[in-house]
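Engineer: If you read the sequences in order, they're chains X and F. Going by my numbering, the first sequence opens with residue 1, and the numbers climb by one from there. Going by my numbering, the second sequence opens with residue 378, and the numbers climb by one from there.
If you're looking for bench data, these hints aren't it; they were derived computationally from the structure. Even for Gly, the Cβ is constructed at its ideal location relative to N, Cα and C. Heads up, some of the hints might be wrong.
Stated by the list, open to error - Here are the computed distance ranges between Cβ atoms for each label pair: (1) F:Gln578 with X:Asp91: 54 to 60 Å; (2) X:Lys226 with F:Gln578: 54 to 60 Å; (3) X:Glu127 with F:Ile1242: 40 to 46 Å; (4) F:Arg647 with X:Asn116: 58 to 64 Å; (5) F:Glu985 with X:Gln337: 43 to 49 Å; (6) X:Gly179 with F:Glu623: 25 to 31 Å.
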Amino acid sequence: MKLFIFILLIILISGCTRPLLLDNIRLNSEKYFVYGGDNERKFNYPEINISDSLEFVWNNDLNGSQWTTSLTIMDNLLIAADLSGRVTAFDLKTGKDKGVLKNDGGIFHQPAVYKNKLHFVVNNDKEEYSTLVYYDFINNKTVIEHQIEGNVRNELLLDEKYLFMLTDRGVLHKYNPVGNEIFSTKTEGITQTSPILVGKMIVFANISGEIIFIDKETGKIEIRKKIAKSIQSNLSSDGKNIYTGTAEGDLICFNIKSAEILWKTSLDSKIFAIPSISDEKIFIGTLGGKVYSINKITGDIVWEYDTSGLVNNAIFVGKNNILVPDLNRKLHILSKQDGSPKSIVNFESRVKTTPIFHDSLFYIGYDKGNIAALRGI
Amino acid sequence: MNRISSLLLFLLIFSVSYVDAQYYFFGRNKVQYEDFEWQVIKTDHFDIYYYGEFEEIAEIGAKFAEEAYDELKVKFNHLVVTRIPLIFYNTHIHFQQTNTLSGFIPEGVGGFFEFLKGRVVIPYLGSIDKFRHVIRHELVHVFMTSKVLNVMKDHRIPAERYPPLWFVEGIAEYWSTTWDTQAEMVMRDAVLNNRFVPLSQISRIYGSFQMYKQGQHFLEFVANTYGEDKILMILENFWRFNKFSEILEFTLGDRIEVIDEKWEYSLKQRYYPLYENRFPHTVQAKKITNEGFNFSPNFYSGNGENEIIYLGNKQGYSSLYKMPYKPDETEYADSEVLVRGEKEDVFESFHILQPSVAVHNGGTAAFITKSKMSDMLHFYDLKEDEYIKGKRFDELITIKAPEFSREGDRMVFSATDAKGFSDIYLYDIGMDKLSRLTNDYYEDSDPVLDSSGTFVYFVSDRTGGKYEKTNNLFRISTSTLRTEYVTYINANFNSPGFSPDYKTLYVNCDIDGNFNLYKLEKDQDDNPKGITQQTHFLTSLFDFTFANNNELITSAFENFSFHFYSLKLNKIPDSLKIFTPNEFHFVGRAWEEEKIVVDIESDRLRYENSYSLDYAVSQVITDPVYGTRGGALLTLSDLLGNDKYLFLLYNTAEVTSEVLRSFNVAITRINSAKRSNYGYGVFHYNGRRYDLRESNTFYYERSFGGFFSLLYPFSSFQRIEASVSLANSDKELPEEAFINRKSLLLSNTISFVHDNSLWGPSGPIDGSRFRVLLGYTSDIKYSNANYYSFIVDYRKYLRLTTRSAIATRASLFYNDGKEARRYFAGGSWDLRGWPRWSIRGEKLWLSSVELRFPLVDVLYLKLPIFGLAFTSIRGAFYLDAGGAWDNKYSQTLGSIGTGIRINLFNAIAFRYDIGKKIENDFNTLQPGLFYQFFFGWDF
């Protein structure tokens, strides 16, 4: 009997999770707070030298898998959200579990951080709505919960202190730091793209192939223009132009002010991934598994590489090399210059997130709910 | 079918100790006539299994598979990261021999994806284009299953639910092929004849071909109305709700009722306008049959009466029929069976979905059946009304579309060889000489000889140029073998046929969206210039035969059935006869299909058995008699399902000290790779047992030993079984003051089994089945037992109507010798009314007569929150008799009564009987009634 109780206690204790209480965090430390590194979502890190090969440093588990998103870094913590509704914090160096938040549903995007709060949206299980959550991780409490109609699978935008959120039904919401809604703008179109912030415009596309510019102050639709049959890829911008891929497999560059198409380049297959932008080139992968380097000005293909897999997430662009997350259980390291393969990091399962970098380590998520840290060899 | 398989396993494991076990199974046999020598081609994502000479088509299939993989990964935004086994068979006849599924595969199954080992199994049906379609169809299943499982796992939700079948098949069709003539025909018929079923009620057509096509069309509708992207979103939202209708509503943003209304409206918008210039068959022709399925009509008037010789299925058996042709009468004519299929091996099954009958007015009919390992061509004398002979061609596996020459001395047909090639053959009947006219991988079919026998007209997909791969009409010279185009039109043709005077060639064509009748037109130089439409039916005309130059008998699809119609060509207004010219200037080189390129050494291998776990179950049970037991069952098999292993382990200890000696183990191997199936195994059983055959005897026994069983099927219907077992037994018998009874039992049995029964909802209603068993059991060490066994169990089913029959049974179970085991009877399965298994004896006889009939077709209970439907509730009136004795016969027992049977999901039948026992040596009826409820199929 004693043995039985002892075993039962062990099971109960080991099954318990620690709450996400991060009261020692430095709020103004280095960070990855938004998907893409900035609100223009360039995924460009020209200061980072990527080794020709990488090795594993640590692995740990989430409860569920991740969507095609990325990870958040805050001070010495790595924060990941998963499709089982959990937000988990790991120690950057050791990978040790530092706490977890549980929610009933799935979180499809990277949590956004502002001051002492984590912001994320839970797509609620068995409900037709989702819930926007503001979580105070210093005091371990949820301070705001807003019900929102529909799915939210797009990434959040943080502009200084304001939060922008786009639902898949094409409704753009703006919230202030205490969770009050400033405006919501309906665009009557289904969207799978994450909004970007370019100047004072929030820009996104929808599956009808329209791009929409909304004034971030007023919420007014300033431009609405159909440029393709369907757009399911995300957008990125270099401050002058905006780039996006289409479901027909075209990479399009259009003007940031007028939305006029400047060039269009046909690639091999449907594009879901976000174009990554360096100084002169665009790097993009397709569902057909090819990776392209494209001249940003002319749209000419500089080089292409066939992964034989499937690329549906953003490419991490470093100083010398690029990292290509491939759903076919690989992370490709390619030369930025000519696309020649340097090495392949093999994973046990599908690579899901775009890697992020901090203090000599890369962090990446893969199925089924795994997080790994890698370093250059 | 699975029931039979599991019973076989049960028999092989558990009957070892009870070699005279009286609960055996009948069942038909899946016969492996071929000794397949499997090879494997390894591509980037697939392991392709093929055999024999099928290499060229297998390499083409491998290329299709890789192309489909690259397309589907984009459509699903998903990768299947494990290697996918694709198993190819060169014909449907070989496909039916597969062990990847334990059950029988009907003619209409074109391939399947099997979940347990993720195998895709596909027969090649002679057409490369159809092969591509089926490969793509099954791979959509593979991707969809993988995607859905991953979506659920990603969200940490148990993968206990799956999309409904209509969606699963609908998406497989939608993403593997375009909307074709067959799909159009089914949907037109459904909408215009009020058979369309909305999504909210689609379970009503569960499993039917209409369900496939409605599912496909629904997804086309979603793509057109809501966007193609929504289809993937439906799968990606699959985790969110338990009910699929809620997932649809959430994804499409409309309520189900609204979606249904929009969908139905789009269909009506599409099809209702067709009434303007198209006709139902019942309007433009006269329907002359009203029952069953009716195919391949052939007009015959040699006996002085006008008759139709055709294939049909009216009572569950596909058969060759004849019926009088009297189109002017208002009553439907009765049919007569000429040759009944599916009862004996020479006519094992008819291919009723293919043209398989030809008639020459001289009085000979030719027809094709599957007969054991291949098709056979049979000849029937219509004047004498007797079978003439059957002809098997060693080099041909399947045969279809036979046609006589004008003189009747030669035949042409389409046939498939070991390479899978579907080609045209000319057979000289008198000289028994077969000539091959085409020899390539293009699908050639529906041949017909011209009046002189110089040319054979046939349909082929060898069309090159602008209308590449359409099925156009060709002709080939029987002397030079030169092939030339007869038509070149962007459409598909089938069933060419000459008018009785051979002056005009008619053919079916789908240029207007469905197959209608067309006439071949020639110019003044006798060159084919085009075709003129003769009929404008709403749904497809499948086949036709001429009664005279102006009158045809057609086989057509309407109201989801296949019936015959009498059609007069001169009743069709000339204004409707639209001409379509040939476009020979677009003819190009015949197409060639690319094959996969593989390295010979490393990517092309001989198949070696690779085993994986099929099934693992563990259980702990407790009951007042035996106490608590726990154990596990594991089964393994190889990829092709030919070799199976079963491991049974359980423990019957009642106290801790008994644990080690109370392990019960059985290891069995069953191999069905070749025609002779065998099984062997070892076992150790130890524990308390209750023997049904003894009078409530409860004893302790330890028994160990081994067995070997052999099964040889003569055909699908008959087989011989043999077994030998050796079991060392150590019993403690409490009734004999705990005396130990040791024995070393050697048992031998041999049985002959026959089964050609046809099953209804709760049991057989036609055909017969029987088993004759001889056995001998001897204690070769202690001489404690020594007896022989004889069993004969005969069951015959006399069909009264389509759904009713009289079932009879006569059985004798006979053991004689020293310490012979007893048999038992009583209960719902034999002597109804008597307590279950209460009648015991070393000799036992049983006899029953039962009238089986339909009672209630559908019983639907609509409750406030859900509904329950029970279908095919059957009734019975019965009379049972039997007796059991050891040395001296005591009395005859019986029962008489009535009962109800309900089939639940084809998995189990519940039975409820009411009646009276017949007691006192069959002299008196019991006072009052008995009421007995149990489960089980009718005998």
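Engineer: Each hint should be assessed against the structure and marked as holding or not.
Structural biologist: Tested hints:
For the pair Gln578 (chain F) and Asp91 (chain X), the beta carbons lie near 56 Å from each other, so the given range of 54 to 60 Å is met. Separated by about 39 Å at the C-beta atoms, Lys226 (chain X) and Gln578 (chain F) break the suggested range of 54 to 60 Å. For the pair Glu127 (chain X) and Ile1242 (chain F), the supplied restraint of 40 to 46 Å is violated, since their beta-carbon distance comes to about 21 Å. The given range of 58 to 64 Å is respected by Arg647 (chain F) and Asn116 (chain X), whose C-beta atoms sit roughly 59 Å from each other.
Under the hint 43 to 49 Å, the C-beta atoms of Glu985 (chain F) and Gln337 (chain X), about 47 Å apart, fit the expected range. Taking the beta carbon of each, Gly179 (chain X) and Glu623 (chain F) are about 29 Å apart, inside 25 to 31 Å as hinted.
The structure is inconsistent with the numbered hints 2, 3, although it conforms to all the rest.
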